[in-house]
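Student: Between the sequences and the hints, there should be enough to build the whole structure, so can you do that?
Listed below are the residues making up each chain.
2 protein chains.
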Amino acid sequence: MSARVSDPAADGETGAGPFERLLALVEDDLARVTGLIRERMSSEHASRIPEISAHLIEAGGKRLRPILTLAASRLCGYQGSDHIKLATTVEFIHTATLLHDDVVDESGKRRGRATANILWDNKSSVLVGDYLFARAFQLMVETGSLEVLRILSDASAVIAEGEVLQLTTAHDLSTDLARYDQVIRGKTAALFAAATEVGGVISDAEPQKVAALRTYGDGLGMAFQLADDLLDYGGSTAALGKNTGDDFREGKVTLPIILAHARGDQAARDFWTRTIARGKQEPGDLDQALAYLAETDALADARKAARGHADRALAALAQFPEGETRTALEDIAEFVVARAV
Amino acid sequence: MSARVSDPAADGETGAGPFERLLALVEDDLARVTGLIRERMSSEHASRIPEISAHLIEAGGKRLRPILTLAASRLCGYQGSDHIKLATTVEFIHTATLLHDDVVDESGKRRGRATANILWDNKSSVLVGDYLFARAFQLMVETGSLEVLRILSDASAVIAEGEVLQLTTAHDLSTDLARYDQVIRGKTAALFAAATEVGGVISDAEPQKVAALRTYGDGLGMAFQLADDLLDYGGSTAALGKNTGDDFREGKVTLPIILAHARGDQAARDFWTRTIARGKQEPGDLDQALAYLAETDALADARKAARGHADRALAALAQFPEGETRTALEDIAEFVVARAV
Numbered sequence: 132m133s134a135r136v137s138d139p140a141a142d143g144e145t146g147a148g149p150f151e152r153l154l155a156l157v158e159d160d161l162a163r164v165t166g167l168i169r170e171r172m173s174s175e176h177a178s179r180i181p182e183i184s185a186h187l188i189e190a191g192g193k194r195l196r197p198i199l200t201l202a203a204s205r206l207c208g209y210q211g212s213d214h215i216k217l218a219t220t221v222e223f224i225h226t227a228t229l230l231h232d233d234v235v236d237e238s239g240k241r242r243g244r245a246t247a248n249i250l251w252d253n254k255s256s257v258l259v260g261d262y263l264f265a266r267a268f269q270l271m272v273e274t275g276s277l278e279v280l281r282i283l284s285d286a287s288a289v290i291a292e293g294e295v296l297q298l299t300t301a302h303d304l305s306t307d308l309a310r311y312d313q314v315i316r317g318k319t320a321a322l323f324a325a326a327t328e329v330g331g332v333i334s335d336a337e338p339q340k341v342a343a344l345r346t347y348g349d350g351l352g353m354a355f356q357l358a359d360d361l362l363d364y365g366g367s368t369a370a371l372g373k374n375t376g377d378d379f380r381e382g383k384v385t386l387p388i389i390l391a392h393a394r395g396d397q398a399a400r401d402f403w404t405r406t407i408a409r410g411k412q413e414p415g416d417l418d419q420a421l422a423y424l425a426e427t428d429a430l431a432d433a434r435k436a437a438r439g440h441a442d443r444a445l446a447a448l449a450q451f452p453e454g455e456t457r458t459a460l461e462d463i464a465e466f467v468v469a470r471a472v
Numbered sequence: 132m133s134a135r136v137s138d139p140a141a142d143g144e145t146g147a148g149p150f151e152r153l154l155a156l157v158e159d160d161l162a163r164v165t166g167l168i169r170e171r172m173s174s175e176h177a178s179r180i181p182e183i184s185a186h187l188i189e190a191g192g193k194r195l196r197p198i199l200t201l202a203a204s205r206l207c208g209y210q211g212s213d214h215i216k217l218a219t220t221v222e223f224i225h226t227a228t229l230l231h232d233d234v235v236d237e238s239g240k241r242r243g244r245a246t247a248n249i250l251w252d253n254k255s256s257v258l259v260g261d262y263l264f265a266r267a268f269q270l271m272v273e274t275g276s277l278e279v280l281r282i283l284s285d286a287s288a289v290i291a292e293g294e295v296l297q298l299t300t301a302h303d304l305s306t307d308l309a310r311y312d313q314v315i316r317g318k319t320a321a322l323f324a325a326a327t328e329v330g331g332v333i334s335d336a337e338p339q340k341v342a343a344l345r346t347y348g349d350g351l352g353m354a355f356q357l358a359d360d361l362l363d364y365g366g367s368t369a370a371l372g373k374n375t376g377d378d379f380r381e382g383k384v385t386l387p388i389i390l391a392h393a394r395g396d397q398a399a400r401d402f403w404t405r406t407i408a409r410g411k412q413e414p415g416d417l418d419q420a421l422a423y424l425a426e427t428d429a430l431a432d433a434r435k436a437a438r439g440h441a442d443r444a445l446a447a448l449a450q451f452p453e454g455e456t457r458t459a460l461e462d463i464a465e466f467v468v469a470r471a472v
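Protein chains in written order, with the working numbering: chain A, 132 to 472; chain B, 132 to 472.
In short, the hints are calculated from the structure, not lab data. None of these values were measured; they are calculated from a predicted model. Please note that a few of the clues may not be correct.
Same chains, same label: a pair holds when it works inside one copy or across any pair of copies.
Simulated pairs of lysine-lysine, DSS-like, Cα-Cα distance not exceeding 30 Å [what the hints assert, rightly or not]:
no. : residue 1 : residue 2
1   : K435      : K383
2   : K383      : K340
3   : K254      : K383
4   : K254      : K340
5   : K193      : K254
6   : K411      : K383
7   : K340      : K435
8   : K340      : K193
9   : K383      : K193
10  : K340      : K411
Tutor: Spelled out as structure tokens, the structure:
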């Protein structure tokens with residue numbers, strides 16, 4: 132499976148993989164999205180805004196989220212041009228959350244480049260994020276769809292709520308599965324689900340198809356984030372743009388840790404308490420953590436959880452006609468899980 | 132005029148002043164707004180959100196912005212209940228900008244209390260602000276008015292743009308009047324204008340009345356911020372909740388400084404370059420600054436500018452029928468300028 136180990140939403144090798152096949156279907160639309168992004172992130176008065184947002188938007192992210200909006204509207208046979216505005220909206224909201232996340236995580240790297248808050252400062256990251264968020268809502272207003280505004284303002288609330296919740300789960304070994312689900316839904320799945328759902332909404336698709344697109348996005352996003360959390364205990368730096376063990380060193384309580392802690396003996400629980408809850412780590416601890424994760428089947432069961440979400444995403448697509456768009460969306464769901472194997 | 136020196140939007144003495152008379156007209160509605168604020172700032176999953184937002188929302192701000200929305204809809208004879216949602220929206224957007232401003236300014240005090248980012252941390256301030264912003268858009272969606280969404284997403288973009296612009300004007304003595312106007316419009320007038328305009332929009336007021344309400348809010352907001360900038364060179368700590376000379380010490384380039392710098396002789400210009408542009412200040416510099424501001428008529432002319440914006444606000448009200456609401460709104464415009472005399 133090594134040929135598939137690559138992150139569809141971050142820098143990495145290219146090739147005729149499933150992401151590239153999906154991209155090829157919406158390539159012309161995506162070029163229009165790129166043009167609209169450049170046009171709308173500009174500011175008549177504050178030249179610092181496009182400097183900072185361009186840094187992030189042009190940094191080589193693969194634009195998975197706007198591509199999902201374009202593909203969903205294609206799956207519904209949409210003929211208008213509002214999907215361009217909505218895909219741009221989705222990318223602006225994503226970029227705004229990255230900018231705000233850079234501030235909050237004090238992370239030094241994002242997509243392999245220095246983050247905005249290192250190159251500029253916290254102030255600019257917060258305010259440029261706010262600007263992109265406002266521009267996103269302006270674009271939605273232009274589509275004239277209150278339903279789209281409802282879906283994406285709901286998603287924005289879930290995203291912010293999940294991020295706040297994540298602050299309180301770090302180092303907290305009492306984090307349960309429901310809370311972890313809420314965190315990763317806010318972190319990833321809420322925007323994936325909104326991105327695909329609005330593609331159906333502007334296409335005037337039947338309600339059950341709109342619901343299916345939402346389920347697909349949610350399942351794909353949950354699987355994607357579970358895989359991301361898994362890769363932190365096994366992926367290579369090249370594949371993810373971050374180092375194995377980063378989450379461990381930061382004391383993040385992800386599904387593998389929750390499972391290994393719950394299933395461990397007293398020695399294991401003492402180990403997790405010291406390294407994660409108290410954050411006291413020594414050389415060799417990451418290897419010990421990997422050993423505990425393997426012997427408690429924590430990694431295997433986290434993989435099964437990701438597989439379950441991907442299966443939910445695949446089942447939701449079944450009511451759409453067969454064809455290249457549906458196949459490409461199915462392949463992406465498979466790919467997201469496969470990369471974490 | 133000393134009895135009038137008080138800030139209508141911040142802590143301070145109360146009494147039967149113009150603010151209290153306006154408040155009395157919408158008191159019942161404001162109680163409903165307070166109830167809705169409490170209901171909507173709660174979070175099912177993240178208890179930290181209401182902790183932080185309540186800290187700011189309950190801190191005793193006088194809620195001038197939501198009161199303006201309530202008064203504007205009252206002036207138009209509005210009979211529905213969407214004005215409660217919109218007033219709550221306006222307060223949420225204001226609170227979100229305060230939370231983000233706390234992060235960016237690294238200020239230690241807001242409304243006389245420690246700011247959220249001291250009591251909690253930068254992370255929480257950013258994310259809780261994002262949450263309130265998302266909740267604000269959800270409330271607008273509930274009103275079903277795309278026009279309201281357009282007005283407040285436009286205002287949000289102007290606010291963020293103005294804040295970014297402000298970052299680049301600090302210590303920059305080449306800041307001109309147009310740029311200063313853009314900064315204070317983003318800082319204050321954009322949300323005032325949107326707050327009054329949406330009151331007219333939900334009332335289905337005629338277009339010229341909606342435009343007049345927008346002009347009133349803009350004029351009031353510009354006058355308010357000009358007065359605020361003036362008070363920093365003459366107000367008392369009790370009246371403003373901040374100390375005379377704070378802007379000077381932070382190197383903020385406000386209208387009084389722009390005028391005094393442009394009109395000063397070589398000695399004066401060297402003084403401003405050292406104290407504002409280079410930020411090198413010594414004991415006695417504030418007194419010297421006040422002397423330069425007085426002898427170049429900078430303070431007097433900044434007061435005239437505030438007066439001009441207030442007059443614009445008053446003129447806009449002329450097309451509404453005379454009555455207690457119009458009178459109260461007129462008195463507030465007078466009051467905002469009078470406090471800076």
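Student: Compare the structure with each hint and give your call.
Tutor: Each hint tested on the structure:
no.: 1; hint: K435 to K383; result: within (20 Å within a copy, 57 Å between copies)
no.: 2; hint: K383 to K340; result: neither (36 Å within a copy, 55 Å between copies)
no.: 3; hint: K254 to K383; result: both (26 Å within a copy, 16 Å between copies)
no.: 4; hint: K254 to K340; result: neither (42 Å within a copy, 38 Å between copies)
no.: 5; hint: K193 to K254; result: both (27 Å within a copy, 27 Å between copies)
no.: 6; hint: K411 to K383; result: within (13 Å within a copy, 44 Å between copies)
no.: 7; hint: K340 to K435; result: within (27 Å within a copy, 61 Å between copies)
no.: 8; hint: K340 to K193; result: within (26 Å within a copy, 48 Å between copies)
no.: 9; hint: K383 to K193; result: within (26 Å within a copy, 41 Å between copies)
no.: 10; hint: K340 to K411; result: neither (50 Å within a copy, 64 Å between copies)
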